[in-house]
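A.B. asks: Between the sequences and the hints, there should be enough to build the whole structure, so can you do that?
Going by the UniProt record's numbering, the residue at position 38 of the sequence shown is 38; the numbering climbs one at a time, nothing skipped.
Treat the hints with caution; some may be incorrect.
[Claimed, not checked] When the alpha-carbon atoms are kept at most 20 angstroms apart in a straight line, the in silico SDA-like pairs for lysine to any residue are as follows:
id, residue 1, residue 2
1, K97, A111
2, K11, A235
3, K118, G167
4, K97, T193
5, K118, T193
6, K118, G241
[As the list claims (entries may be wrong)] Using C-beta positions, here's what the derived DEER-type ranges look like:
id, residue 1, residue 2, range
7, A242, R212, 19 to 29 angstroms
8, H83, P203, 39 to 49 angstroms
9, A242, V220, 20 to 30 angstroms
10, Q125, T105, 22 to 32 angstroms
11, D81, R212, 40 to 50 angstroms
12, R253, E77, 42 to 52 angstroms
13, D50, V220, 10 to 20 angstroms
14, N201, Q125, 18 to 28 angstroms
15, A242, G152, 18 to 28 angstroms
To be clear, the hints were calculated from the coordinates, so they are not data collected in a lab. This one's a predicted model, so the numbers in the text were calculated from it and none came from an experiment. Idealized CB from N, CA, C, for every residue including glycine.
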Amino acid sequence: MDLSAFSLAGKTVMVTGANTGIGQGIALSIGRAGGRVIGVGRSTMDETADLMTASGAELVAVQADLGSTSDAQAMFEAVWDKHGPIDGLVNNAGIIKRVDAVDFTEDDWDAVMDINLKTMFFLSQSLGRKAIEAEREARIVNIASMLSFQGGIRVASYTASKSGVLGITRLLANEWAARGINVNAVAPGYIETNNTEALRNDPDRSAAILGRIPAGRWGVPSDIGDAAVFLLAPASNYMHGAVIPVDGGWLAR
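C.D. replies: Right, here's the structure in full:
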């Protein structure tokens with residue numbers, strides 16, 4: 001096995017939502033593979049930066065409001081000019097609103113769709129434009145979800161957004177595969193993060209979830225990070241429009 005096929009040495013990868021949870025795990029995995037990370041988030045990146053430094057990896061921290069498409073695109077242009085060119089983009093940033101469908105508000109809908117789907121598309125567009133213009137290869141990894149395949153409950157806008165993430169992943173792959181841009185997705189199962197803390201602290205829900213996972217455990221952020229590295233690395237050169245479920249066997253059940 002040629003280990004260089006899994007190396008990101010010399011590559012610069014932007015990861016949104018890298019300050020915590022899955023995004024932090026992705027950043028650390030990229031660092032272990034030899035890549036430099038541009039970590040983008042609304043809040044401080046100090047914890048991720050400390051962990052990256054401790055592992056001998058490089059992180060450039062960028063604060064940005066990803067709820068605004070124009071701000072996100074302006075951020076991308078500024079980062080490309082200062083730290084680029086950017087070889088890979090991981091669209092990880094996302095939020096969730098848990099409300100019964102009959103009580104769901106337009107604000108609950110828009111806030112989630114803007115970050116999870118709209119900004120994901122327009123950041124991808126920003127990288128696609130730069131890469132095509134410069135005739136450079138590039139990689140995009142979108143973070144989908146089990147709810148890209150299932151309906152869920154009480155998360156209408158999240159389910160809609162993550163179904164859209166999978167669709168846009170396939171669309172961009174169709175348009176850009178021949179231009180040297182690989183667009184794929186990772187669909188995390190139940191991962192130990194801040195977003196799932198309430199579920200893990202609910203004995204009944206936690207037991208029900210674990211009872212369906214063949215692996216018998218919740219995932220950890222590095223499980224997702226290592227899958228993202230594979231899709232960012234030469235090892236996945238012939239993968240376009242694919243989605244990799246990293247779910248402990250959840251969908252197989």
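A.B. asks: Falls inside 18 to 28 angstroms, the C-beta gap from A242 to G152?
C.D. replies: Taking Cβ atoms as reference, A242 and G152 lie about 22 angstroms apart, which means the hint holds.
A.B. asks: So if I understand the rule, the pair passes when the alpha-carbon distance is 20 angstroms or less; does K97 with A111 pass?
C.D. replies: holds, 9 angstroms
A.B. asks: Between D50 and V220, does the C-beta distance stay in 10 to 20 angstroms?
C.D. replies: With Cβ atoms ~18 angstroms apart, the hint holds.
A.B. asks: Assess, step by step, whether the Cα of K11 is no farther than 20 angstroms from the Cα of A235, and give holds or violated.
C.D. replies: Holds - the C-alpha atoms of A235 and K11 are around 14 angstroms apart, at most 20 angstroms.
A.B. asks: Does G241 sit within 20 angstroms of K118, going by the straight-line distance between their CA atoms?
C.D. replies: holds, 18 angstroms
A.B. asks: Checking one constraint from the list: CA of K97 to CA of T193, max 20 angstroms. Satisfied?
C.D. replies: holds, 16 angstroms
A.B. asks: Check the hint pairing K118 with T193 against an upper bound of 20 angstroms on the C-alpha distance.
C.D. replies: Given that 20 angstroms is the threshold and the Cα spacing comes to 23 angstroms, the pair is violated.
A.B. asks: Taking 20 to 30 angstroms as the stated bounds, is the beta-carbon spacing between A242 and V220 within them?
C.D. replies: holds, 23 angstroms
A.B. asks: Taking 19 to 29 angstroms as the hint, is the beta-carbon distance of A242 and R212 inside that range?
C.D. replies: holds, 24 angstroms
A.B. asks: Is the distance from the Cβ of D81 to the Cβ of R212 consistent with 40 to 50 angstroms?
C.D. replies: holds, 47 angstroms
A.B. asks: Hey, K118 versus G167, does the alpha-carbon distance stay inside 20 angstroms?
C.D. replies: holds, 13 angstroms
A.B. asks: Looking only at beta-carbon atoms, does the pair H83, P203 fall within the given range of 39 to 49 angstroms?
C.D. replies: holds, 46 angstroms
Consistency note: the structure conflicts with the earlier hints numbered 5, 14.
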